[in-house]
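Undergrad: Now for the letters of each chain:
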Amino acid sequence: DAKTTQPPSMDCAEGRAANLPCNHSTISGNEYVYWYRQIHSQGPQYIIHGLKNNETNEMASLIITEDRKSSTLILPHATLRDTAVYYCIVRVGYSNSGYALNFGKGTSLLVTP
Amino acid sequence: GAVVSQHPSRVICKSGTSVKIECRSLDFQATTMFWYRQFPKQSLMLMATSNEGSKATYEQGVEKDKFLINHASLTLSTLTVTSAHPEDSSFYICSARDRGMSTNTEAFFGQGTRLTVV
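Chains as they are written, first to last, in our numbering: chain H, 1 to 113; chain S, 1 to 118.
Be aware that one or more of the hints could be misleading.
The calculated DSSO-like cross-link candidates involving lysine-lysine, where the alpha carbons are at most 30 Å apart (straight line), are [to be verified]: (1) H:Lys-69 <-> H:Lys-105; (2) H:Lys-105 <-> S:Lys-20; (3) S:Lys-64 <-> H:Lys-3; (4) H:Lys-52 <-> H:Lys-105; (5) H:Lys-105 <-> S:Lys-64; (6) H:Lys-105 <-> S:Lys-66; (7) S:Lys-14 <-> S:Lys-41; (8) H:Lys-3 <-> S:Lys-41; (9) S:Lys-66 <-> S:Lys-14; (10) S:Lys-66 <-> S:Lys-55; (11) S:Lys-20 <-> S:Lys-55; (12) S:Lys-20 <-> S:Lys-41; (13) H:Lys-3 <-> H:Lys-52; (14) S:Lys-41 <-> H:Lys-105; (15) H:Lys-69 <-> S:Lys-41; (16) H:Lys-105 <-> H:Lys-3; (17) S:Lys-41 <-> S:Lys-66.
If you're looking for bench data, these hints aren't it; they were derived computationally from the structure.
Input sequences plus hints: build the corresponding full structure.
TA: Written out as structure tokens, the structure reads:
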């Protein structure tokens, strides 16, 4: 799997957009970019994933650069409940047997009032 | 989204005893489940891959005789920590993927089990 690089921590004011960057310069053509988050003492929660097109769902938007070497997760209106560690993971799509996810250190996002 | 349930959420046990943690997929079937361990202020580390009806695959450095995994059905995998010691105290998390979904879909995680060995 391609390695990812994320800033260790970020702050964001409540109500503002949180933009979390991720570098994955060694990504290969069949690898997807997945984002998960982990709120303290809970299991990880899936947020979004994409291959090369930008994606949006009810939680967030994922912007992938044209060369696919980096991406940005956008939480459009951050709330205090969005305080968590955010993990960017690059992985081939699951096979029928399913692949585990390799979690790096992630970005600890603190949303402040 | 699909639901994965772990039980118990917290457990305290005496050193030398065994503890069983259950991971259930509540509304889907999972041929494969994964067990992770997370120490304080660290990231999740994969321990083993649990395959329904066959032996689990353990990551390097994880003792298979200490961490017994059973995946007897498509909705249940169990992790038993045998002869637990204080250094086994950790946050254990399982995940599963819906076998009925197409490739590249997301995995679902349980809420985790906080094990404290005293």
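Undergrad: Now tell me, hint by hint, if it's right for this structure.
TA: Right, here's what the structure says about each hint:
1. H:Lys-69 <-> H:Lys-105: 19 Å, holds
2. H:Lys-105 <-> S:Lys-20: 28 Å, holds
3. S:Lys-64 <-> H:Lys-3: Roughly 28 Å separates the two Cα atoms, so the pair holds.
4. H:Lys-52 <-> H:Lys-105: 24 Å, holds
5. H:Lys-105 <-> S:Lys-64: 26 Å, holds
6. H:Lys-105 <-> S:Lys-66: 27 Å, holds
7. S:Lys-14 <-> S:Lys-41: This hinted pair holds, its Cα atoms lying about 24 Å apart.
8. H:Lys-3 <-> S:Lys-41: 20 Å, holds
9. S:Lys-66 <-> S:Lys-14: 16 Å, holds
10. S:Lys-66 <-> S:Lys-55: 14 Å, holds
11. S:Lys-20 <-> S:Lys-55: OK: Lys-20 of chain S and Lys-55 of chain S at ~17 Å, within 30 Å.
12. S:Lys-20 <-> S:Lys-41: Roughly 24 Å between the alpha carbons, so the hint for Lys-20 of chain S and Lys-41 of chain S holds.
13. H:Lys-3 <-> H:Lys-52: Roughly 17 Å between the alpha carbons, so the hint for Lys-3 of chain H and Lys-52 of chain H holds.
14. S:Lys-41 <-> H:Lys-105: Status holds; Cα separation ~9 Å.
15. H:Lys-69 <-> S:Lys-41: With Cα atoms ~28 Å apart, Lys-69 of chain H and Lys-41 of chain S stay inside 30 Å; holds.
16. H:Lys-105 <-> H:Lys-3: 11 Å, holds
17. S:Lys-41 <-> S:Lys-66: 24 Å, holds
Checked against the numbered hints given earlier, the structure satisfies every one of them.
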